[in-house]
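**Q** First to last, the sequence lines map onto chains A and B. Read in order, the letters of the first sequence are residues 1 to 312 in UniProt numbering. Read in order, the letters of the second sequence are residues 1 to 474 in UniProt numbering.
Read the hints as simulated data drawn from the structure, not as lab findings. Hints should not be assumed to be uniformly reliable.
Listed next, the in silico EDC-like pairs over lysine to aspartate or glutamate satisfying Cα-Cα at most 16 Å (straight line) [unchecked claim]:
(1) B:83 - B:473
(2) A:123 - A:78
(3) A:251 - B:331
(4) B:341 - B:331
(5) A:251 - A:307
(6) B:267 - A:312
To be clear about the criterion: a stretch of chain B counts as covered by chain A if any three or more of its residues have a C-beta under 8 Å from a C-beta of chain A, and this derived list gives those stretches [unchecked claim]:
(7) 225–235
(8) 260–270
Computed from a predicted model, the values in this text were never measured in an experiment. All C-beta atoms, glycine included, are put in the ideal place defined by N, C-alpha and C.
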Amino acid sequence: MLGKTANGLFWMYRYLERAENTARLIEAGQRIALTRLHGSDDEWRAILQTAGGLKAFEAANEGVTKEAAINWLLRARENGSSVLRCIETARQNARLVRTAITGEVWESMNSTYMMAQETLARKVGERDLPGVLVALRRQTALVRGMTHGTMLRNDIYNFARVGTFLERADNTARILDVKYYVLLPSASAVGGAVDNVHWESILRSVSARGGFRMEYGPGAGPRQIIDFLILNTKMPRSLAFCVNKLGENLKYLAPPEHPTEAQSMVSRIQQDHLRRDIDDVLDYGLHEFIETYLDLLARVARQIEVDYRFYE
Amino acid sequence: MTDRPVFDEMWGTGETLREPYRKFHDWFSAEDPARLRAKQREAEELFRLSGITFNVYGRAEAEERLIPFDIIPRIIGGAEWNKLCKGIEQRVRAINSFLYDVYHKQEIVKAGRIPEAMISGNEAFLPQMIGVEPPGGIYTHIVGIDLVCTGPGEFFVLEDNARTPSGVSYMLENRETMLQMFPELFSQNRVQPVQNYPALLNQSLSDCAPAGAADTPVVAVLTPGIYNSAYFEHSFLADQMGVELVEGQDLRVVDGRVAMRTTDGYKPIDVLYRRVDDDFLDPLNFNPDSTLGVPGIMDVYRAGGITIANAPGTGIADDKAIYSYMPDIVEFYTGERPLLKNVPTWRCSDRESLSHVLDNLGDLVVKEVHGSGGYGMLVGPAAGKTELREFRKKLEAKPRNYIAQPTLALSTCPIFSRTGLTPRHVDLRPFVLFSPKGVTITPGGLTRVALKKGSLVVNSSQGGGTKDTWVLED
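Excised from the complex, chain B in its bound form (with noise of 0.2 Å):
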């Protein structure tokens, strides 16, 4: 761990509070604890009886679960969410353009920015999209940017993901149920809307679907089924949108489109939301024991008969090995410099860095390449020596496998504890949506909070919670 003092994000470094937590401060000073507190616990009962819960790998199907919500809110200033959003649309666009590229001519290759082997070595890589023209050229339609914030106005980017983001059900259920529970804190804070992302997805969606769809184009939200951890996040996307939640099996190419069974006869798809992994997408294209996906779906995607949401082989650009060279990948495609940072990355499949990573493994934090919800990965600093030790072994049996970074000093977000407000870390994932017509950032998106004290992983599926995160009107 660094020395530096860590960054509060309503507490500064100091003990001067921070202007945008103001008068929800004054508001919290006047608040009686023992009223939050059963206000706490009916935030609770609102989340379980909305069913919003999720499955956990590996345990028994029928155990649902929680989330746990924290009812204090992180408030980010207008001007300084404004100056984060022109990152975050720089990097989606440059990210949009690093997909184009690579499934066409490679320039960022030819132009020795990128090693080739770390776009054909990819096992993200899809060669089936080589040449393949997405409707309106977009592969990434909706992205989520994690970030994490190391003091004032400076953010961090930890992670892309171009595949499949998930969350963002959480992100407008807690506003939701804030709403409900205190909506005098929304006549005192004015705080910038979220609720209506699902019509925004749906109109972003529709402005993608392939040339001759009609004037109100058929979306539809795939999910591989109930037993999905995110199967609630599916079913409240498409009830939100007004559109139909399909699994593979309504689904089959009729006449050259994808049509769903209907129960008067098979109807044409236009734009096909979907939340399975590219592997189950098409079994006559990709894995053949898929039952999740669609016989036949990659070739009328490629006639331009339908649009997929996010593109198939998008992968190969939230990758852990390619974020290191993201810095490079914003600046060939944009001419600009990267106004959002990214964190130093060690490639263990270079023997340098890792020699360097494994002589200082107690101070690194270590991820798969192709790992997510934080499984499989090393904190040094909290880590012990036996799981040191072993994953010592796994980095030198597979070190293209690893990459390593330092552990920032993450900052931190007052959560409602037995003892009042208590500092714990977040991290931040807006939700980009991004068409033909343009990038658009919904104000604040999902904060994780690591909910045991020093923790640093703040992923659900390891103990993490979440929290409303307000960006006030300034």
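Chain A on its own, in the form it takes in the complex (with noise of 0.2 Å):
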């Protein structure tokens, strides 16, 4: 395969999972601040900082406010990482690698476009805003089902996963991140009627209220909420989950006798960090875990680059 298609996979599918999850963040945002009885719109000013574009929104808008965070992170031009960009980058990546996808899964991917397209050319109002998240994320859906129903198993597939993985890995861990920066201001209602909301939210947003009842029980807290996104290895959107499919959706395209190092680099990450005890995690304190970590994945990131020949 062409470095260029290789490159062109695992941003199509970066951005897709990228977009799928901003899409999860702003309902994350909007459920906490409709459960807030006073106070300021702090909710979205840790959403806009976990979602690593605070400074730009600052740059761009006066103060912020719900309606412009949501229109930031849903459709602003000047928001790289705005859904809205988000699927037009992933459709221009699918535009770059046409002959490796197959048609379904092309069509499914311009079918989200021209969805995206029609939907978020305006603002989205309040009312609307529930069904439109909706409606972004069965599209996104559609286009990973479609990979999943039509695709090869080959190196293309796995590109398209390492992309889609590497990205969820980092998106999970902002996710739970929003929870240190609304916190932020009062650490002292740990454990209140507010707090177990927020958490709420989070598990939430990442689809998982009857997965983590499944797996710890009614009554469970925030740490085995935290326990759950971080270490569990059968929630599908954990940090655990998607760093153990990354290694392996990496070994299927390294040759065999000797492993690349985004490969030992994945590996170090699993062995130092996620196969840990929660308490340990907490000890460590939960922010500098998870910035730690984001570091360590964008390193993966970028080895992969050099390791498959994206550039040069």
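If you follow the hints, you should be able to join the two separate chains into one complex; please do so.
**A** Structure (structure tokens):
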């Protein structure tokens, strides 16, 4: 496969995953905001912070308001990670790798793009927001389903999966980190009613309420939620799950005799960070843990570009 | 315009239905127009979803447009087609022989059939190609001959496209769409298939591989990239042939071969179907600013290490000034009388011709010698006074840049409009493959249709549409 094609697949699926997770993040933010009794729009500041775009947002907007934050995350042209721009970039990459993907995958990607162009052409009002978010997630799920159902299990598929899991491994960690930023103003609220609502919202945003109850039973609290989203290997959006998958897909792509550098880096993340006890993580500090982990993940991404000759 | 009645391919010049359209007409008469209108919209939806769009030059990069598709097929009888094919094959063979001669002994100049200045003074002439032996002796692997019809079986060649003819993806997608929307039509009519074009293209290109290539040569399509107006077609053809779609930045010369960067190292290419112009092909040999090409590819080519399709320098054969010599060219190389007619052409570089053209500007079509896509041309009968005056100035300033032709009474085909079937002017671009094993012509080709009433300009960039083109099995 061409290095350029591997690059295009990697980014097509990263952006597709990012589009979906940004939609999930907006949903989490909206829920936290709606269940808040009083105060300012701090949760939106937190969400923008975790999405990595607070600085750019502040440069382009006057103050953090709910409406501006949602618009920024959903459809702002100046935000390269807005849902609209992610879908456009994913489709652009799909065009680039049109010869590698099936007609079904291309058409589902193209229809996602057409839907986003239409739905996000204008500002989305509060009343329409839930429906739009559901529709966007349904579209990205369609592309993933077509990928799953029609693509050969070869190196093309594996590069697509590497992109998917790398991005998801990143995004779930960021969603978890929202909690850290929301709590910043007053650490005293831990364990209170508001705190539980926040955690509930985070679980919802990764479609994990039912799964969580199945795994931990009723009455489980924040500690278990953190365990679930970081260390649980059955939960398809958890850090451990995504990094394991990333390792498997990279293993498929590597020559059997000598593992690639990116593969070794992934093994080290698994060893050092994801095969631990939840108490270790909490002692280390959840936010600090996530920061370290995100940095390592970014290095893996850069190494993949080198290992598979994406650019030269 | 001439006073002759316009020939309609469905109705002739009168009210008698022509034979190839008989079964189609029966079907159409029994159809509910409302259902057909819905089908027309459905076709558009299918095209949009498939992403078969083109970018219009000079517009925002994000703008992708659909070429309008008309659901009424253009139908050609088998016997008429076979006759046409003989003429096309003769012309394509002559063009290839002409190119070989131009870059070798130039016998045709020595024989006094073409002035030397027409060759050496031509912008499309590539001195770098002199003495080069293209693998298999083939210069024009893929040719699109633009034809217009003026009466039953009366075809004229409007233009030869010997560089990188485009539009074949529309031919294939149009048929695909018709098959999906109106399967019953294909049960009722025996329409010769076009779908194996990508396989034939792959075979034909492979047959042109350089000596020493493996049994299954490595073929790749070279595109200028995702922003090129024909990018859809490039990716479509690579996909359908099952070969890699590469850009200049994916390629480099490694150990005397042109190789593509894969995830596990550089892999040599035997045949490159390039959709990049000569000028941009090799910054070391041509335009030094090009980032679309491959530095050093011409040196590999000259050493016989790769096949470039079409060969560099073929533009001299489809130049509009050379066009006027085509009857001589065909006769000179085949020893036969040309089977296909040329449109009478005035070369404005010639003083007498120029004054004739200036005197009759309102009746003529004037084209730039190196233009394409319908840009920079004048359709005299349709032009206003100001346009005529402006064009006259351009002509007087640079007469060598122009040729002029009479406006032909182009045939019409019906399109599906709000009022039912309405005649519109059409042209036809059949696609021809050429390898040492022979000439293959896909039955049909791309029919372009001027959607505006009375318009003679069919180019998609100027508001033209396309139709599925049927050749019936007799």
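**Q** Take a quick look at whether residue 267 of chain B and residue 312 of chain A sit within 16 Å of each other, Cα to Cα.
**A** Judged against 16 Å, a Cα distance of about 14 Å means the pair holds.
**Q** CA of residue 123 of chain A to CA of residue 78 of chain A, is that 16 Å or under?
**A** Cα-Cα ~15 Å, so holds.
**Q** Checking one constraint from the list: CA of residue 341 of chain B to CA of residue 331 of chain B, max 16 Å. Satisfied?
**A** Between residue 341 of chain B and residue 331 of chain B the Cα gap is close to 12 Å, so the pair holds against 16 Å.
**Q** How does the coverage statement for the stretch 225–235 of chain B fare against chain A, requiring three or more residues with Cβ below 8 Å from a Cβ of that chain?
**A** That given contact holds, which follows from 3 residues of the stretch 225–235 of chain B lying within Cβ reach (below 8 Å) of chain A.
**Q** Are at least 3 residues of the stretch 260–270 of chain B within less than 8 Å of chain A when you compare beta carbons?
**A** Check passed, 6 qualifying residues.
**Q** Within a Cα-Cα threshold of 16 Å, do residue 251 of chain A and residue 307 of chain A meet the stated pairing?
**A** Since the Cα atoms of residue 251 of chain A and residue 307 of chain A sit roughly 12 Å apart, the hinted pair holds (cutoff 16 Å).
**Q** Taken at face value, is the distance from the CA of residue 331 of chain B to the CA of residue 251 of chain A at most 16 Å?
**A** The given pair, whose Cα atoms are some 64 Å apart, is violated under the 16 Å limit.
**Q** Starting from residue 83 of chain B, check that the Cα of residue 473 of chain B is at most 16 Å away, please.
**A** OK: residue 83 of chain B and residue 473 of chain B at ~14 Å, within 16 Å.
Violation of the numbered hints given earlier is confined to hint 3; every other hint is satisfied by the structure.
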